[in-house]
Amino acid sequence: MITFGMVGSGGLGREMMYIAMPSLLQQFPGSTESDFRLVWVESEPQKSTVHDLPVLSVDDFIAEADDNTCLNIGIGDGYIRERLANQIEAEGIRPLQLMHPNSELRPGNDVGPGATISFQCLISTDITIGKYFMCMAYSMVVHDCVIGDYVTFATRVSCNGHVHIEDYVDAGNGAMIRNGSYEKPLRIGKGAKIGMGAVVAKDVPPGAVVVGNPAHILET
Amino acid sequence: MITFGMIGAGGMGCEMVHLVPYALKQRYPDLQDDDYRIVFAESEPNKTEYDGYPVISVEDFIAGADENTFFNIAIADPYARERLAGQLERAGLEPLALQHPTAEIRDGNDIGAASVFGFMALVTARIKIGKYFNCMPFSQVAHDCEIGDYVSFYSRVDCNGHIVIEDYVTIGNGACIRNGTREKPLRVGKGATIGMGAIVTKDVPPGATVVGNPASVVVKD
Numbered sequence: 001m002i003t004f005g006m007v008g009s010g011g012l013g014r015e016m017m018y019i020a021m022p023s024l025l026q027q028f029p030g031s032t033e034s035d036f037r038l039v040w041v042e043s044e045p046q047k048s049t050v051h052d053l054p055v056l057s058v059d060d061f062i063a064e065a066d067d068n069t070c071l072n073i074g075i076g077d078g079y080i081r082e083r084l085a086n087q088i089e090a091e092g093i094r095p096l097q098l099m100h101p102n103s104e105l106r107p108g109n110d111v112g113p114g115a116t117i118s119f120q121c122l123i124s125t126d127i128t129i130g131k132y133f134m135c136m137a138y139s140m141v142v143h144d145c146v147i148g149d150y151v152t153f154a155t156r157v158s159c160n161g162h163v164h165i166e167d168y169v170d171a172g173n174g175a176m177i178r179n180g181s182y183e184k185p186l187r188i189g190k191g192a193k194i195g196m197g198a199v200v201a202k203d204v205p206p207g208a209v210v211v212g213n214p215a216h217i218l219e220t
Numbered sequence: 001m002i003t004f005g006m007i008g009a010g011g012m013g014c015e016m017v018h019l020v021p022y023a024l025k026q027r028y029p030d031l032q033d034d035d036y037r038i039v040f041a042e043s044e045p046n047k048t049e050y051d052g053y054p055v056i057s058v059e060d061f062i063a064g065a066d067e068n069t070f071f072n073i074a075i076a077d078p079y080a081r082e083r084l085a086g087q088l089e090r091a092g093l094e095p096l097a098l099q100h101p102t103a104e105i106r107d108g109n110d111i112g113a114a115s116v117f118g119f120m121a122l123v124t125a126r127i128k129i130g131k132y133f134n135c136m137p138f139s140q141v142a143h144d145c146e147i148g149d150y151v152s153f154y155s156r157v158d159c160n161g162h163i164v165i166e167d168y169v170t171i172g173n174g175a176c177i178r179n180g181t182r183e184k185p186l187r188v189g190k191g192a193t194i195g196m197g198a199i200v201t202k203d204v205p206p207g208a209t210v211v212g213n214p215a216s217v218v219v220k221d
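Protein chains in written order, with the numbering used here: chain A, 1 to 220; chain B, 1 to 221.
It is worth saying that the hints were derived from the structure and are not from the lab.
Any given hint could turn out to be false.
Capping the alpha-carbon separation at 35 Å, the derived lysine-lysine pairs in DSBU-like fashion look like this [to be verified]:
(1) A:K131 with A:K193
(2) B:K25 with A:K202
(3) B:K131 with A:K184
(4) A:K47 with B:K220
(5) A:K202 with B:K47
(6) B:K202 with A:K193
Here the structure is a predicted model, which means the values were calculated and not measured.
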């Protein structure tokens, strides 16, 4: 029996759990649905079941884990994702990549562990992506992009060619990032946030929040 | 041996080259992987290999061509695309249309030669499209549109119903064009450029560049 734990049973986790079974069936060839047990994992569980699947505490999930236990993390905040990933992976539990069957992840790209590629996403060619990338429905990443660790794309994000996105960046629904060039990639700095529908036409400094068309820094 | 030449060894070329095996296998259902080869061709090659394929000059590509040689052009500039298309077609080469298997191009539309439709592109009904149309992933063309020659749609362009797009128009990622009507189609003039994310609600004059929401003409200094 293989146990898959989805850390976080909120909206994002429940969206992602839907992709768990097809991903498990694909990554364990010859298996059937009855070979897998799906559970939710929460730091502080509020209920005992969600969608008829049991909710475990992180401690209980770790305590009952064996070599056949894997996880992914349905939490949008990249920093929390990192903390939980480190805590759970330190116990020998490995991440499972979640990949919707109708997305296209072309061969030859380098995608780190724990990625989630949701419905009808496109990851095209010559792309490097770090750990626990979250790519929600209809988002795309095209040629020659480099994406760091714990980066989050909401739905319908367009990341055009030669864009470098550093760790912990969060891009909102429908955000578009203009292509860079081989000589000068467009760069989104560490921990930056790109607002919903923003049209990013130039570099974004680390930690900045940008919104609008064309995107500008939101002063706080 | 079938040879396919992708003209333009840049980012667009490595995106489009992925579509070539689908197109060849549709044309030759029994085609095996070692029955064809893919090369990139450039007017002035500055490398010998790109994305795992050899890069040769356009002249050498033409010189080595026979009746089993095909091409398409991965160059965003519509005028450069026209110039290269003329050069290759005059030499007797045949362009090959490319279409991702998830793209939906419904029957009954009139689509010109050498079109390219990327992942999840959609062309619905009563649509006429000219030569060398380039329609990148997630873009859509809706009912009753008329699109000229050498038009480029970047990803996620929404071209709604009853729109006329003249030759050489380039439309950026995520731009939306409001529908026109049968009596008065919305018209995007020859050679116009529509910026990324622009929301176009009225006619665009020939040669203009428009950006923003709602889209307005960029005044050049």
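Checklist entry - So which hints don't hold here, by number, going up? => result Numbers 2, 4, in rising order.
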